[in-house]
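Let's have the full structure, built from the sequences with the hints guiding it.
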Amino acid sequence: MGVFPYFSPTRLEEIYAPVAAELSSATGQPVRFRTASTFARFFENLRDGDYDIALIQPLYYVPAADEFGYLPLARVREPFRSVVVTLDSSPLRQLEELRGGLIASPPTHVPAVHLARQALRERGLVPDRDLSFREFNTADSCLQQVLIGAADACVTGPLGARSFELRHSVKLRTLLETISLPSLVFVVHPRVPETDRAALLEALVGLNTTEHGRQILERINTAAFVPALDHDYDEVRRFVTTLEEPWLPSTP
Amino acid sequence: MVALHSLRYRIAATIFLLEVIMMTTVLWIVLGMLSNSAREQVEELEEVASGMLAQLSRPALLTEEYSQLQPYMERMRSDPHLLRILLLDSSRRVVAGTDLQYVGQSAPDYLPGIDSYWRVYEIHNAAEHLGTLAIQFSSLRIIKAERQARTIGILIAATGMVVIAFFGLFFGYLLTLRLNRLTQAAMSMAQGDLGVRTGLKGKDEVSGLGQAFDVMADRVQTERNALQRANAHLEERVAQRTAALEAANRELESFAYSVSHDLRAPLRGIDGFSQAVLEDYSDRLDATGKDYLNRVRKASQRMGQLIDDLLRLSKVNQAPLELQEVDLGQLAEEIIQQLRETDPQRSVRIAIEPDMRVQGDPGLMRAVMQNLLGNAWKFTARTADARIDFCREPGDSAHEPVFCVSDNGTGFNMAHAGKLFSPFQRLHHRDEFEGSGIGLATVQRIIHRHGGRIWAQGSPGAGARFCFSLPATHRTDLPGGTTHEPHNRTDESPSC
Numbered sequence: 001m002g003v004f005p006y007f008s009p010t011r012l013e014e015i016y017a018p019v020a021a022e023l024s025s026a027t028g029q030p031v032r033f034r035t036a037s038t039f040a041r042f043f044e045n046l047r048d049g050d051y052d053i054a055l056i057q058p059l060y061y062v063p064a065a066d067e068f069g070y071l072p073l074a075r076v077r078e079p080f081r082s083v084v085v086t087l088d089s090s091p092l093r094q095l096e097e098l099r100g101g102l103i104a105s106p107p108t109h110v111p112a113v114h115l116a117r118q119a120l121r122e123r124g125l126v127p128d129r130d131l132s133f134r135e136f137n138t139a140d141s142c143l144q145q146v147l148i149g150a151a152d153a154c155v156t157g158p159l160g161a162r163s164f165e166l167r168h169s170v171k172l173r174t175l176l177e178t179i180s181l182p183s184l185v186f187v188v189h190p191r192v193p194e195t196d197r198a199a200l201l202e203a204l205v206g207l208n209t210t211e212h213g214r215q216i217l218e219r220i221n222t223a224a225f226v227p228a229l230d231h232d233y234d235e236v237r238r239f240v241t242t243l244e245e246p247w248l249p250s251t252p
Numbered sequence: 001m002v003a004l005h006s007l008r009y010r011i012a013a014t015i016f017l018l019e020v021i022m023m024t025t026v027l028w029i030v031l032g033m034l035s036n037s038a039r040e041q042v043e044e045l046e047e048v049a050s051g052m053l054a055q056l057s058r059p060a061l062l063t064e065e066y067s068q069l070q071p072y073m074e075r076m077r078s079d080p081h082l083l084r085i086l087l088l089d090s091s092r093r094v095v096a097g098t099d100l101q102y103v104g105q106s107a108p109d110y111l112p113g114i115d116s117y118w119r120v121y122e123i124h125n126a127a128e129h130l131g132t133l134a135i136q137f138s139s140l141r142i143i144k145a146e147r148q149a150r151t152i153g154i155l156i157a158a159t160g161m162v163v164i165a166f167f168g169l170f171f172g173y174l175l176t177l178r179l180n181r182l183t184q185a186a187m188s189m190a191q192g193d194l195g196v197r198t199g200l201k202g203k204d205e206v207s208g209l210g211q212a213f214d215v216m217a218d219r220v221q222t223e224r225n226a227l228q229r230a231n232a233h234l235e236e237r238v239a240q241r242t243a244a245l246e247a248a249n250r251e252l253e254s255f256a257y258s259v260s261h262d263l264r265a266p267l268r269g270i271d272g273f274s275q276a277v278l279e280d281y282s283d284r285l286d287a288t289g290k291d292y293l294n295r296v297r298k299a300s301q302r303m304g305q306l307i308d309d310l311l312r313l314s315k316v317n318q319a320p321l322e323l324q325e326v327d328l329g330q331l332a333e334e335i336i337q338q339l340r341e342t343d344p345q346r347s348v349r350i351a352i353e354p355d356m357r358v359q360g361d362p363g364l365m366r367a368v369m370q371n372l373l374g375n376a377w378k379f380t381a382r383t384a385d386a387r388i389d390f391c392r393e394p395g396d397s398a399h400e401p402v403f404c405v406s407d408n409g410t411g412f413n414m415a416h417a418g419k420l421f422s423p424f425q426r427l428h429h430r431d432e433f434e435g436s437g438i439g440l441a442t443v444q445r446i447i448h449r450h451g452g453r454i455w456a457q458g459s460p461g462a463g464a465r466f467c468f469s470l471p472a473t474h475r476t477d478l479p480g481g482t483t484h485e486p487h488n489r490t491d492e493s494p495s496c
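If you're matching them up, the sequences are chains A and B in order. With the first letter of the first sequence counted as 1, position 218 gets the number 218 in this note's numbering; the numbers rise by one all the way through. With the first letter of the second sequence counted as 1, position 216 gets the number 216 in this note's numbering; the numbers rise by one all the way through.
These are computed hints drawn from the structure, not numbers from a lab. A couple of the hints might just be wrong.
[Claimed, not checked] The following residues of chain A were derived to be distant from chain B, with all beta-carbon distances above 12 Å:
hint, residue
1, 34
2, 38
3, 78
4, 108
5, 123
6, 126
7, 174
8, 202
9, 230
10, 232
[Claimed, not checked] Here are the computed distance ranges between Cβ atoms for each label pair:
hint, chain 1, residue 1, chain 2, residue 2, range
11, B, 44, A, 90, 37 to 47 Å
12, B, 143, A, 49, 45 to 55 Å
13, A, 141, B, 81, 56 to 66 Å
14, A, 168, B, 26, 45 to 55 Å
15, A, 141, B, 126, 22 to 32 Å
16, B, 44, A, 141, 22 to 32 Å
17, A, 168, B, 126, 17 to 27 Å
18, B, 55, A, 193, 29 to 39 Å
19, A, 211, B, 44, 29 to 39 Å
Even glycine gets a Cβ: it sits at the ideal position worked out from N, Cα and C.
Written out as structure tokens, the structure is:
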């Protein structure tokens with residue numbers, strides 16, 4: 001089971017190793033949690049079909065399903081959107097005040113960045129012209145730049161922002177909220193037998209039925225997984241056609 | 001060697017011995033604690049290093065990307081205490097490590113070396129066993145830490161022991177310094193210096209002893225002064241009493257001599273005129289008158305003899321002893337010869353042992369022999385086969401030879417032996433045997449003046465035996481000291 005490296009490997013392990021254990025239990029076969037050190041490496045592994053199961057960000061679903069043959073399994077029930085936040089104590093009150101400012105962001109391969117850049121452009125703030133973007137490895141490090149005053153705002157997901165507020169006891173102010181897209185999705189490689197796929201789906205969807213499962217879902221910041229259908233991601237397919245910047249990592 | 005037996009060194013040695021025991025115990029405990037502490041510190045460092053390596057290894061295992069971990073592990077080899085690191089995946093295959101030759105190989109045995117040991121950490125998560133981190137550490141760090149702790153401990157203990165040893169010596173010196181003062185004072189006092197004092201002050205035991213000594217010395221000096229004063233007074237009184245006694249003695253002897261001497265003149269007159277009456281007027285006196293006059297003469301002569309004996313007795317103590325060698329045997333021969341001449345009709349067997357030499361006053365020793373042999377001669381007068389022996393006996397001590405005069409005469413009852421040597425005491429009636437009763441008293445006084453003893457044995461009808469001893473220190477010829485040809489000048493051999 002490969003997980004899109006939106007956090008550090010060890011943090012992802014804390015969150016998703018229990019999921020792997022649940023899936024092992026459901027299928028009766030060992031399911032190992034794996035991730036990658038970079039988005040590019042993960043995407044490369046995904047492309048190469050190294051993962052039997054993969055949790056990917058919604059933009060990756062398009063090539064995963066359309067090019068690599070992965071099948072949708074289950075997705076996070078809540079839609080995904082992006083926010084631009086700053087500290088509540090910051091003098092910035094309006095999005096326009098970010099003009100000329102510096103926005104920290106996760107790597108550009110994170111869909112939240114694409115949503116944010118697209119939304120800013122739609123509001124007349126052209127990235128890399130009216131304001132600067134600086135990439136950091138994770139959403140946490142991006143928010144940390146705002147916390148220490150090294151950046152004016154940060155692009156992240158709402159759940160990531162909320163988690164950061166809780167962990168650091170700070171309050172963030174949202175300057176921009178983008179449109180919603182379907183969120184993280186589990187895809188399965190076609191080589192996985194049908195029966196196992198059904199068992200995997202049942203296990204994922206049924207997580208919210210047990211206390212242990214709910215604790216796992218809480219760490220993922222979702223209430224439940226729901227069955228994913230391919231047409232759920234047509235909206236994503238349309239969105240990526242609008243993007244002006246590269247949205248997939250370059251792989252060898 | 002003597003110094004080593006002194007209290008100072010004993011105290012120092014005792015303190016040092018206790019210190020050695022204490023230091024050894026403390027050192028043992030401290031070394032154990034330091035060693036454990038050092039081991040724990042090393043183990044903590046190893047835990048920290050191992051934890052960091054495990055934290056670094058976990059992402060590598062999760063991502064199965066070891067390219068970044070490998071150079072880091074190789075750099076860890078710069079730590080001399082970290083000999084080898086091996087990271088194994090879940091299939092027990094080495095995926096990263098300090099030694100590239102192990103990468104891709106199966107896991108080795110984690111055998112401990114002489115100076116090394118392995119720590120193995122299994123890396124798990126909720127879903128699986130991710131892999132194994134095996135680290136080989138060098139024991140040198142622990143050994144070095146233990147050695148350092150031991151060195152420090154021994155240095156501290158040795159320093160402490162030296163300090164305590166010096167302290168013990170100094171303490172012993174302080175204590176014996178005052179004891180020496182006490183000893184010196186005691187020795188001075190033993191040599192007669194009663195004015196010496198220790199002068200020790202303080203409240204400890206040694207000071208208490210010194211103060212007690214000073215108090216004792218004060219009392220001894222005070223009492224000795226009082227004793228000296230009493231002695232002086234006593235000597236003065238003794239001298240006074242002696243002078244008084246000597247004066248009284250002189251007066252008494254002068255009186256006795258004067259009385260005796262003055263009595264002789266009228267006695268001679270009584271005897272002379274009685275003889276004159278008997279010679280010039282015998283034709284006018286009847287037999288009774290003559291008898292009375294003869295009795296008067298005998299009484300006056302006996303009284304004259306008594307006076308002579310009294311004078312002799314009083315002179316015994318007056319004249320100083322003139323000691324010289326006297327042959328008692330020869331003296332006895334001469335006296336017996338005189339007795340035979342005086343009483344030639346008697347036949348008495350005499351046995352005198354020759355060569356009986358003593359140190360004595362010749363005149364007084366003659367008086368002794370005259371009395372003893374005269375008594376024997378006298379009290380054997382009625383014995384048919386009279387015999388008199390004079391010989392030397394061994395006595396109780398070689399330094400005090402005993403000489404005995406024995407006879408087979410009338411003898412005496414031992415119940416009255418105590419009276420024999422008292423003046424004027426007689427065991428026989430005057431009619432039986434003549435005598436004044438002063439002879440044996442004179443003999444006893446002479447023997448006592450020579451430092452000897454005299455005693456008598458006898459039984460009625462079986463004879464008497466008078467023995468006297470004289471100190472040999474007065475003798476010049478000890479028995480066997482000189483060769484002397486015996487000569488038999490008697491008609492019998494002595495039976496004793």
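Here is what the structure says about each hint:
Not every CB of chain B is more than 12 Å from the CB of residue 34/A (nearest about 6 Å), against its label as outside the interface. Under the 12 Å C-beta cut-off, the non-interface status given to residue 38/A relative to chain B is violated; the minimum distance is some 9 Å. Here residue 78/A stays apart from chain B, with its beta-carbon at least about 24 Å from theirs, past the 12 Å limit. Every Cβ of chain B is farther than 12 Å from the Cβ of residue 108/A; the closest lies at roughly 21 Å, confirming the non-interface assignment.
With a minimum CB-CB distance of about 38 Å to chain B, residue 123/A clears the 12 Å threshold, and the non-interface call stands. In this structure residue 126/A is separated from chain B by more than 12 Å, as the shortest Cβ-Cβ distance comes to about 36 Å. The Cβ of residue 174/A sits about 32 Å from the closest Cβ of chain B, beyond the 12 Å cut-off, so the non-interface label holds. With a cut of 12 Å on Cβ distances, residue 202/A stays outside the contact zone with chain B, its closest approach being about 18 Å.
With a least CB separation of 28 Å from chain B, residue 230/A remains clear of the 12 Å interface cut-off, as annotated. The Cβ of residue 232/A sits about 28 Å from the closest Cβ of chain B, beyond the 12 Å cut-off, so the non-interface label holds. Look at residue 44/B against residue 90/A: about 43 Å separates their beta carbons, and that is inside 37 to 47 Å. The hinted window of 45 to 55 Å between residue 143/B and residue 49/A holds, with their beta carbons roughly 54 Å apart.
The hint said 56 to 66 Å for the Cβ distance between residue 141/A and residue 81/B, and at roughly 34 Å that hint is violated. Under the hint 45 to 55 Å, the C-beta atoms of residue 168/A and residue 26/B, about 52 Å apart, fit the expected range. At about 26 Å, the CB distance of residue 141/A to residue 126/B agrees with the hint of 22 to 32 Å. Here the CB-CB span from residue 44/B to residue 141/A is close to 31 Å, well matched to the stated 22 to 32 Å.
Evaluation of the 17 to 27 Å hint for residue 168/A and residue 126/B yields a pass: the beta carbon distance comes to about 26 Å. In this structure the hint that residue 55/B and residue 193/A lie 29 to 39 Å apart at CB holds, the actual value being about 37 Å. Checked against the given bound of 29 to 39 Å, the beta carbons of residue 211/A and residue 44/B, roughly 38 Å apart, stay inside it.
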